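*Asks:* Chains as they are written, first to last, in the working numbering: chain A, 179 to 307; chain B, 179 to 307; chain C, 179 to 307; chain D, 179 to 307; chain E, 179 to 307; chain F, 179 to 307; chain G, 179 to 307; chain H, 179 to 307; chain I, 179 to 307; chain J, 179 to 307.
Quick caveat, the hints were computed from the structure, so don't treat them as lab data.
All figures in this text were calculated on a predicted structure; none of them were measured in a lab.
The reader is advised that the hints may include incorrect statements.
To be verified - Among the chain G residues that face chain F by a calculated CB cut under 7 angstroms, a handful are:
hint, residue
1, E249
2, E254
3, F272
4, G284
5, Y286
6, T288
7, A300
The beta-carbon is built from N, C-alpha and C at its ideal position, and this holds for glycine as well.
Each chain, letter by letter, is given below.
10 protein chains.
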Amino acid sequence: MTTKPSKTLETFPNPQPGRDYTIRIKTPEFTCLCPKTGQPDFAVMHLEYVPDQACVELKSLKLYYWSFRDEGAFHERVTNEILDDLVRATQPRFMRLTAEFLVRGGVYTTVIAEHRKDGWTAPVAVQLP
Amino acid sequence: MTTKPSKTLETFPNPQPGRDYTIRIKTPEFTCLCPKTGQPDFAVMHLEYVPDQACVELKSLKLYYWSFRDEGAFHERVTNEILDDLVRATQPRFMRLTAEFLVRGGVYTTVIAEHRKDGWTAPVAVQLP
Amino acid sequence: MTTKPSKTLETFPNPQPGRDYTIRIKTPEFTCLCPKTGQPDFAVMHLEYVPDQACVELKSLKLYYWSFRDEGAFHERVTNEILDDLVRATQPRFMRLTAEFLVRGGVYTTVIAEHRKDGWTAPVAVQLP
Amino acid sequence: MTTKPSKTLETFPNPQPGRDYTIRIKTPEFTCLCPKTGQPDFAVMHLEYVPDQACVELKSLKLYYWSFRDEGAFHERVTNEILDDLVRATQPRFMRLTAEFLVRGGVYTTVIAEHRKDGWTAPVAVQLP
Amino acid sequence: MTTKPSKTLETFPNPQPGRDYTIRIKTPEFTCLCPKTGQPDFAVMHLEYVPDQACVELKSLKLYYWSFRDEGAFHERVTNEILDDLVRATQPRFMRLTAEFLVRGGVYTTVIAEHRKDGWTAPVAVQLP
Amino acid sequence: MTTKPSKTLETFPNPQPGRDYTIRIKTPEFTCLCPKTGQPDFAVMHLEYVPDQACVELKSLKLYYWSFRDEGAFHERVTNEILDDLVRATQPRFMRLTAEFLVRGGVYTTVIAEHRKDGWTAPVAVQLP
Amino acid sequence: MTTKPSKTLETFPNPQPGRDYTIRIKTPEFTCLCPKTGQPDFAVMHLEYVPDQACVELKSLKLYYWSFRDEGAFHERVTNEILDDLVRATQPRFMRLTAEFLVRGGVYTTVIAEHRKDGWTAPVAVQLP
Amino acid sequence: MTTKPSKTLETFPNPQPGRDYTIRIKTPEFTCLCPKTGQPDFAVMHLEYVPDQACVELKSLKLYYWSFRDEGAFHERVTNEILDDLVRATQPRFMRLTAEFLVRGGVYTTVIAEHRKDGWTAPVAVQLP
Amino acid sequence: MTTKPSKTLETFPNPQPGRDYTIRIKTPEFTCLCPKTGQPDFAVMHLEYVPDQACVELKSLKLYYWSFRDEGAFHERVTNEILDDLVRATQPRFMRLTAEFLVRGGVYTTVIAEHRKDGWTAPVAVQLP
Amino acid sequence: MTTKPSKTLETFPNPQPGRDYTIRIKTPEFTCLCPKTGQPDFAVMHLEYVPDQACVELKSLKLYYWSFRDEGAFHERVTNEILDDLVRATQPRFMRLTAEFLVRGGVYTTVIAEHRKDGWTAPVAVQLP
Ligand SMILES: [Ca+2]
Ligand SMILES: [Ca+2]
Ligand SMILES: [Ca+2]
Ligand SMILES: [Ca+2]
Ligand SMILES: [Ca+2]
Ligand SMILES: [Ca+2]
Ligand SMILES: [Ca+2]
Ligand SMILES: [Ca+2]
Ligand SMILES: [Ca+2]
Ligand SMILES: [Ca+2]
Ligand SMILES: [Ca+2]
Ligand SMILES: [Ca+2]
Ligand SMILES: [Ca+2]
Ligand SMILES: [Ca+2]
Ligand SMILES: [Ca+2]
Ligand SMILES: [Ca+2]
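So here's chain A without its partners, still in its complex pose:
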């Protein structure tokens, strides 16, 4: 069974659209290329979102991340672009992407971007003791 990288993000219907709930997906295997030097960069991707009508399908998410393997990508730009692609595909109520890059030149960089659907407000957070 051979699979291939793909820019297509597949979704499935949210099984519980009547409730605001959270889905967290951690992928420690993101890699792309540094546009300046051509050398590989690596990151751990943390996605968390409140779905609306659609959830992102896990395997397609993995193939989507894979599609960056041979692309040049700056840290700040690629984080925002991936978030935009995921928002376009799933139209979530809320989505946050945290891209935690492995050390480069002795420096550790993390980029975090969020999207909130127009008109949606988070349920009042209950902080249990």
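Got chain A sorted already, so can you dock chains B, C, D, E, F, G, H, I and J with the ligands onto it with the hints?
*Replies:* Using the frame of chain A, we list chains B, C, D, E, F, G, H, I and J with the ligands on its own:
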């Protein structure tokens, strides 16, 4: 002494209904089947709630989780369903279920769903320094 | 020097009643008996409070916890009862008791109960960066 | 694509039989049934071995572990049986199986069994500072 | 179902007496009384052994530890006594008991005692890299 | 070069009084005497503050903590007294002292006291994702 | 290829100025000299900011930190100065610098300073459960 | 400055060939392709060796690891091949390669291979207490 | 009840002199004075020994450590002296003292000294897998 | 009080030359320059030794490490050179230096070198259980 899995959730009367307080129950031994591949999935279940008139009985909770051992279940759907069952059985003031699934295809997924009773608001949180 | 378990909670005058401040006392050595099976249960007790006129004396707190060694006690009930006893003895501005029970039947249970004095509000929390 | 549990352990030829080297395979998802109570038991399986002519194929190892899901199995016996099956299938120079069971009745049990091929002795261990 | 503490250690036949293998059993819930002050002491008990013809039954081990709950016991003496009782009951090839007591007077004490059967020597240890 | 304990807290001018910023100073080497038994007590001192016109000089802070080495001091009282001394010396916009005492009688105690200057309010906290 | 320390902070255009997002950059290799004793001081620098039109270029940030290697610098002053330089170069919506100095005289010091652009307010924080 | 992946391992003369000493090099950024599915695999590479006349140059080692980015490679085979390449290039007295692969199918695999020069024996290890 | 520091180390008879076993005693509260500067030094003391006819009494050990509170003591010398005192008092088969001093001048120092009784050899160590 | 870097390593007489014992000194603040790029390198230095007639004086060790601040130094060479200097100054029975460099180019390097005095053999190591 033989016990069996069961969909019945037993409860006992809340010994202190006059106070909003928190009960946390962690169960690291949840397993079900992947509806697509038929292979086993595993999760750690974190339940936390503010009881109203009823508390969930621990042994019955364990047998209830056990009842999913031979069932196919998608991550997002099963988390919401378990929360619904627990809400139906205990009618809590507040309940949150965090289902932390073990890695699948290099991807770590966690689903968190909450229920709040109509008209209930959380006590103002006191954050001691 | 022999000491004995005791239900009496001794106090001493709060040395600084003009200020709302926090006292935290962790006791990893609480044990009681399960009312159903008679078997020992164990817990770590986390007490935190803002004293008013009285502070709980540490040695008497230890003897008080000891007094549960031969008593049957359900998790939810005993946490609320101990909080009630401590509130009665010290009349604090705020008090929280976290009872973190050791695993039973593969399940980890924690119960957290709070008391707030009538009319007292917590100082505005300062969250330094 | 549906897969099924299986008692068959598949192997592939050791790509470097001229060298004694180590393969470690950790599987956190073993579950079987307690023969006394019928309740599920869970374990993390740690396999480490020095292959001779054959290596165990990972997917078949996973299906093999899965085959215990509906079987009753005592901790000590099942650890020795799995080791025996793996030795029979791969005829390794050395093999060790560590079965780390999740807590039962407040007690944590681990069973470790080893097999050494007749006439094989481990290379002198080099302990670098 | 009520159970009681007991000095009787039950055993079952070693399912694999033809092999030297290791069984580790950790029990974090040991408590006895200090013979000087009468106050409770607490310990985590780590038992590890190579069985010969008999294995110690887990539930009976738990009831045996429970039997010290109301007994006065010095750290050094009780560790040696428990080892002696376990050796008498199971006649193991090798046994080690590590009693890790909780802090007393600002001091952390651990006592470790071992028994080796006459004529038994440990298999040559294989230290995989 | 011999130095001595001292109750004098020296300060230096805040280099940036135009900005509310935080200074954190952890000192793991505080010791005093228990007023009841005469035995030594130990604590880790965590000081955090927003300076106004003066900052506390580090060496003088160390000598100040040292001055408690031969003094009897109850946990609750000494924490409040040290805070009062530090407030008197530096007149900060905000100051918090956390005294984390080492275990005594199996019990872990921490005392936390705060001071806020009249009329000062904390800047709105920015919680970056 | 030889590089040199430099006080110049280079920037590049923010690829997504339409969104408030976070960039975190940790540099564990800051060193300067203590103005009193001339001895080296070391710190881990944590920078986090919400860019406006410009992002700080990583290599130039590293050379900028390097420029302090032979300069005398007090903890409180240098943290504020670096923040001021970074604000001047990037004009961010929000910026926080945490300078975590290695232990000096048994004392651990951390200084945290923030800058907020006039008129900018942080997006309402969404705290997912 | 653009760099490229390369199979060439460059070396430099061992600055201290008169002494057996250890060099450890950890590289968390190895990636190759699974020959069965074509999907990316990831590993952390731990190299440790006692050099003889040559040491491996760090940058060339990095480019060498990079050269596997588009190659299919089985875990066991690639670990042995990389060790063989490194031995050929540096002719070390001793070398060990530990390839710690990220989870695949819920299974964690590590492969460890060693090479010892003919006639070389490790210095007697000094184990300081 | 007032206690005092004391140079006298009290012992009690070894309850099991027929067996070589280990006693470990950790004391995180040692303090003395630096002979050069007069400033306090702090250490965590780790004592481990195989008793012969006598065991050291815990409370007297604590008072003995306390006796260094006002004494000047170099790290290397005081570790050896304490070991000598403990050996003189208990005549153990084997004893090791590890003095782990808190950081001074950015430097962490640990001193470890051992004593072995003439003619005593350690039992062959059994290393269970 | 101004101090300066220095290549001179001062010693003091070993207070207990009749015993083989261990001294460990960790210094997390070593920095030098990369001879290729001129950029700063950083390392944590772990020194451990069995003294003969002389011990290294801590402050002079710190000034010695400081002397590398403006020197170019390759990882492998500088570790061996520092060990040689320390051996020359103290003539120890045994000495080991572990230089743990901070990440460079995504690669973590550690170099460990040892010296053993002619004719000295380590005492038989006692491994307590
Ligand atoms: Ca990683
Ligand atoms: Ca992160
Ligand atoms: Ca688990
Ligand atoms: Ca979680
Ligand atoms: Ca807890
Ligand atoms: Ca284990
Ligand atoms: Ca415990
Ligand atoms: Ca232990
Ligand atoms: Ca400490
Ligand atoms: Ca604390
Ligand atoms: Ca550091
Ligand atoms: Ca910090
Ligand atoms: Ca590893
Ligand atoms: Ca240590
Ligand atoms: Ca390090
Ligand atoms: Ca290291």
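*Asks:* May I ask which of the numbered hints given earlier this structure violates, with the numbers listed in increasing order?
*Replies:* Failing hint: just 1.
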